[in-house]
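With our numbering as the guide, the letters of the sequence shown map in order to residues 4 to 156.
For the record, the hints were derived by calculation from the structure and aren't laboratory data. Note that the Cβ used here is the ideal one computed from N, Cα and C, for glycine as well. Be careful, since some hints might not be right.
[What the hints assert, rightly or not] Below, simulated DMTMM-like cross-link-like pairs (lysine to aspartate or glutamate); rule was C-alpha separation at most 20 Å, straight line:
hint	residue 1	residue 2
1	K140	D119
2	K129	D119
3	K140	E121
4	K140	E126
5	K140	D112
6	K140	D77
7	K140	D41
8	K140	D40
[As the list claims (entries may be wrong)] Cβ-Cβ distance ranges computed for the label pairs, FRET-style:
hint	residue 1	residue 2	range
9	D112	D40	18 to 24 Å
10	I36	G97	20 to 26 Å
11	G139	D112	17 to 23 Å
12	M63	K140	16 to 22 Å
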Amino acid sequence: MPRFALVVLAGLAASIASADRPFAQSRPPNFIIIFTDDQGYGDLGSFGHPTIRTPHLDRMAAEGQRWTSFYSCDSVCTPSRAGLLTARLPVRSGMTSDSPSVRRVLFPDSAGGLPDPEITIAETLKPRGYATAAIGKWHLGHLPQYLPMRHGF
4 MPRFALVVLA
14 GLAASIASAD
24 RPFAQSRPPN
34 FIIIFTDDQG
44 YGDLGSFGHP
54 TIRTPHLDRM
64 AAEGQRWTSF
74 YSCDSVCTPS
84 RAGLLTARLP
94 VRSGMTSDSP
104 SVRRVLFPDS
114 AGGLPDPEIT
124 IAETLKPRGY
134 ATAAIGKWHL
144 GHLPQYLPMR
154 HGF
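Start from the sequences, fold in the hints, and give me the full structure.
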């Protein structure tokens, strides 16, 4: 039997065999973004640290995906969080300072925050059926108009 006919026959047999199976309901995958300050690459057990114990994070790394490459767009929290959540350089959303000697960090008494027109990952995911949450340090503005609930969380 020619090779092409064999491939066609195998494909036809596979499609017939699967035709009576109900389609699995596809759900979007769950994922968690953990973003920490002052953590080095090897500071977790799952990344090779010999003494720091992180059993829950190690289990998440073992059972899920472990991403080993990330570009941090700044060395301080406000711009790096803005970059991660918007997928844009923080300078585009005003989350950096004009002076290289001054780092922009938004504390609870700071004015300003992530501008409303900026689209976050949460605002992109919600219409696709995801439930979103921001837990912990925000540092992207603390006035009501800048809080996580105004940015899709």
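Q: Sort out which numbered hints this structure fails and list those numbers smallest first.
A: Going through the list in order, the structure violates no hint and respects every one.
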